[in-house]
Every structure is written in structure tokens, then in C-alpha cells.
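Q: For the protein sequence lines, the chains are A and B, in the order given. No gaps in the numbering here: position 95 of the first sequence is 95 in this note's numbering, and each next residue is one more. No gaps in the numbering here: position 469 of the second sequence is 469 in this note's numbering, and each next residue is one more.
Please keep in mind that the hints were generated in silico from the structure rather than gathered at the bench. Hints are not guaranteed to be accurate.
As the list claims (entries may be wrong) - Rough simulated footprint, nothing fancy, chain A against chain B, three-plus residues with beta-carbon under 8 Å:
#1 144 to 157
#2 434 to 442
#3 459 to 469
Fair warning: this is a prediction, and the values are worked out from it, not measured in the lab. C-beta: ideal position from N, C-alpha, C; glycine also.
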Amino acid sequence: MNINTTKIISLLFFVFSAFYLYLAYQIQVFTFDENAPFNARTFPIYLGYAGLFFSGLKLILPDPNTIKVEHKNLEYKKTGILILIAIIYGATILKVGYFLTTSLFLFASYYFLGERRWVLMFLLSFPFVAAFMYLLHGILDIYLRDPFLQSIGIMG
Amino acid sequence: MIEGILIGLTTALTLQNILMVMVGCFFGTIIGMLPGLGPMTAIALMIPITYGFEPATGLILMAGVYYGAVFGGSTSSILLNAPGVPGTVATSFDGYPMAQQGKAGKALAIAAWSSFAGGTLSAIYLLFMAPSLSKVSLSFRSPDYFALMILGLTAIAAFSSKGQFLKAMMMVVLGLMLASVGQDSLSDITRYTFNNMNLTDGISFVLVVMATFAMSEALTIILKRNDPTSAAKQVSLTELGSIKINKEERTKMYKTIPRSSVIGFLIGVLPGAGATIASFLAYGMERNVVSDKEKEKFGKGSVNGLSAPETANNAACSGSFVPMLTLGIPGSGTTAVMLGALLGFGVQPGPRLYMTNPEIFWSIIMSMYIGMVILLILNLPLIPYIARILAVPKNYLIPLILFFSVTGIYVMSFNNFDIYLMIGIAVVATFLRLYDFPMPPLILAFVLGGLMEENLRRSLLLSNGSWEFLWDRTLTACILATTILIVVWHIYKTFKKKN
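Here chain A stands alone, though its shape is the one from the complex (with noise of 0.2 Å):
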């Protein structure tokens, strides 16, 4: 059997399946739907099993389309650090509010994408995150919740 990385992430999968299958038996039922023809651990057994069925087909049989990834071509670098801010952003937006961590988030990730144009950094950041939350909030009426506006009173 040729090892490749799609046969790795088949095998990832089966082990997530067996481990799907096992917490679906795990699954507390009440004691009257215990031998009831169908509870709420049936649908998830029948899928851990179809999970094993086609992960394992996939590890058993040849792959005649092997998928080639040039790694050496790939920005692993820049996508890490983008997921980074996005997950800076997500911890922070609560606290902070949507309007400065938006900004902060738009205006480092296109920093971090190599923009060095900082006037059109700027106006894509600040002012265009203000016209769309003027668009939602005042607009659209969707709540926003920020706490940084509020707290200077440009926010009820």
C-alpha cells in the first residue's frame, strides 16, 4: 500500500470515526427508549460505522488520483499569522468592542499581506468598518455590542 498524505487523513478519519462510535454508545439514553427501535444514540452509531466503512475502503484501496502538494510553494507563514490575528481578534472583540478590533484586524492583516499603502490601509480599516456598522446598527437595526464606543459615549 503507497503511503500518501491522503491516506494519512483517511486514517485520521477512521480513528475519529471508531472514537465517534465509541462516545455514540457512551450516549445516555432514558431507560424506557433503551430498546426502542430507534433513540438518540441510533442515528449517531449508524453514522460512526458509515465513517469506518468509507475511511477504511479509502485506506484499502489503490488511489490512482494522488493528490501532489508542492509544499515548498505554499505561504505557510502568512496564513499562520493571519489565522493568529483572527484569533486575536475573536479573543479581543468582546471586551474591546467590534469598531477598534475590526479596524485593528482589517489594518494588520492587510500590513501582514505586505500592503504598505497607508492611506488606503487606513480608509479600508477605520472609516469603512464605521460606514458598516452604521449600516447594521443604525441601518439594519442588528445590535452591536461595544463596550470601547460606549464607553466614549459615541455609543447608547
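Given the structure of chain A, go ahead and fit chain B onto it with the hints provided.
A: Chain B only, in chain A's frame:
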């Protein structure tokens, strides 16, 4: 039906809804034009905007985005040979050679007129077919629905996976597994929540769509930024030439459009098929029916070769609304996203939709006509300007997609956990995409998961735990036989290709 049409027209022709179709078509065209971003991403990005609207208005906006994105995809196919959506790959076969001959404007005009005609004709077919199918589908029972969902999931796996059926089926199972997280709908017993309160209500549909499409597409674009195989060819976007179509070209289009629209619509109705298969089939059929002299021109800038796939892919878009509106079962990933949004509005699509919510049912159909007209008005004169959007730098595009994704989740839940979960799913989806694991089957499975479990529950309870319900009714047995046929045909095709 006349009453329904009038209700639909009254709803669709309000100033707000016309505006929504225009906005949807415009943004859809722009997003669909950008290589790598398709209708599903476009619609997903629009979901947060629709929260503030009535269901009919929200859906009209999303439908406008859908047609716009499919049309926009053809622009990048013709000008860059880089289809924005898979449904416009066949457009590039003759559209790009035409553009290389200095007739880009003409190619775009043929695409615009063909899309308009295909979309309009199929909206007429939909008008007559949807109510009849709704009446028929009232006789469907739980086993039929369960079998139909199996058919839909198998078909989308077979058609969307480019020869990777098992990978697509793994994605189907993963989608169903994600859908099983949270409280069981009948007993309220929690499953796979790991005592985390944030998972009690299950994983949000918007979160999964944003993560697997919008966010993971953005990450994939950055990841493959320096990949020479995915780089788009640079062509002049300012010299497009005339957009006038001469009499001879028009005559060719008059013959091509009706037959391609029928194929497109019928393929669109089939679960799992959709615009991509429709456009390829229409292209293949057109090559077979034209004269030998015309056949020679295919692949070198043929008018028929460009008109056929463009007509078919737009016709398929309207066709794909049929199973969603009449059965409540989406036939494609894109309509699955729309179904999820409908459920979010508290509207349950299905055979009774046109009775319980006629304004939604009919206004979507009527807005298709309006959408097609707007697309034509919008795209023909604006083609030279819209084409320049293709030059938008990725440095700005990617952060904006991420921003829309996070905003979508933020306004929905005000919860950090959901944002982390979305980023986590997006990272996994990006990795899976690198190895050609398709995402549409996952989304369709996620949307259908709850309904599928519900129908299986009813079927098994009624048959006292026996699986005989699968062949007890003729309709159920026929649907399952079709599913088996699809699987066998797919295995045969793969085997034949291998040899």
C-alpha cells in the same frame, strides 16, 4: 396559480425588494468574478446582512447574489481563463479563445445574452413545474424523504468530487457528524457536547458555511499565493473590443439557447447535479448537433460553444430551486446554504411552502425574472468597468472576507467560542481542500442531518425497527434504485477511466 403570481409580483416589485435584487446581482457579479470565490461564498457572506430583513427580502437578496455570482464567474472565465465558479469552466473553452482574438467584448455580450435567455426560460419552466411538483410531493412519506436525502447526498458526492467519490462520501459523513452535535430533537438528550454549554444548541449552520467556504477559501488563496499552477494569466482588462453581436451570431444563438436551457433546467432539478454538469453536457450536446463546419470552430471561439454552457448554467440555477422549494431538500451546495438561511428565518421549505408562505414561494420565482433583467441591464453597459474589478489586490480582498466571516458569527452569537470554533473548522477545511476533499457534500449533509435523522426515526418507529420500509413502497424503492444506479455508474466510469 395566477393569484400566486400576483402575490409574488406584489412582493417582488416593492422598492425594497427590487433594490435587493439589484444589490444582490451587483455584489454577486463582483464576488463571482473573483477567481476562487463562488456563489456559495457570495451567499454565505450575505447571510449577516439578511438578518435584519423579512424572509422574502432576505431570500430575494440571496437569489440575486446567486445569479450574479454565476454570471460573474463567466467574466473571469472569458477574460482570464480562470473560472470564478466550476459552472463556468466550459465557458472558458470558447470564451477565452474569443477574447484572445480581440473579441472579449463580444464574448462577454454573448455570455450576458445567453445567461439572460437561459435564466428567463428556466424561470418560466420553474413557474409551471414547481406548483405541480409541490402537489405530487405532498404524497411523500418519511421513508421517501429519507431515501431522497440519501439520493441527494450520494448524487452530490458522485458529481462534485471529480473522481474522488470516497473522499466526498467521507465529507458527507463528517457533515452529518457535525450536525449530530447538540440536543437530540425529540428527547433533548445532549450529544457530543463534552459538557460545553456553547454546544448544547448544536453548531450553527452559518458558522459551518463561513468556516468551510468563505474563511477557508480566503486562507487557501493566501496559502497558494505563490503556487505557479494556480496563478491567473494576465491579460489586458481595458481593451475589450465591441459588444455588438451580428445577425449571423444571433441566428446561431437562437438555435442554441432553447435546447441548452431545457438541458440546464432538467439537470438543475436533479439532486446533486447543478450548473457544472449542465454546462458541460450542454457544451457536449451542442458540439454533437451543429454542422461539421461549425464543429471545427469549437475550442477556437465558437459562438455556439460559448452560448450553450452559459445558457445551461443559468438555467440550472433556477432548476436547482425546484427540489429546495417543493421538497425542502436542496439539490446543490448553494441551495443548501439558502435552505439553511430559510430555516434561520423560521421558514420550513417543502411541499406546503407555497400554501403557508405563498409570498416567499412566488416572490422568489418572480424575482428571478427581475434578477435576469437587472443582470442584463447591469452587465452589458458596465462590462468594461466591471472587468477591472478582476485587478483587486488580494492583500485587501482576503482580510475583507475574513472580516465578513467573523462579523457574521459575532452578530449572531456574541460568543468567543463560536469564533474559535469557526477558525478551527476553517483551518481543517483548508487542509482538506489542499488534498481535494470537496466541501459542498459536507454542507449539504450538515443541512440535511437533522431532517434525515427525523425521517429515519419516523420510518423505523413505524416499521417497528425493521429496515423493510426501504422497499415497502414503490416510490421509496425507485428512489433507492436510482441511488444505486448512480453509485454503480460512478464505479463503472472510474474503472473505465483507469483502464
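Q: Next step is simple, just say for each hint if it's right about the structure.
A: Hints versus structure:
1. Counting residues of the stretch 144 to 157 of chain B whose CB lies closer than 8 Å to any CB of chain A gives 0, which falls below the minimum of 3, so the coverage claim is violated.
2. For the stretch 434 to 442 of chain B, the assignment as covered by chain A holds, since 4 residues bring a beta-carbon within under 8 Å of that chain's beta-carbons and 3 suffice.
3. As drawn, the stretch 459 to 469 of chain B meets chain A at 5 residues by the rule of a beta-carbon pair under 8 Å; at three or more, the given contact holds.
The structure is inconsistent with hint 1 alone, although it conforms to all the rest.
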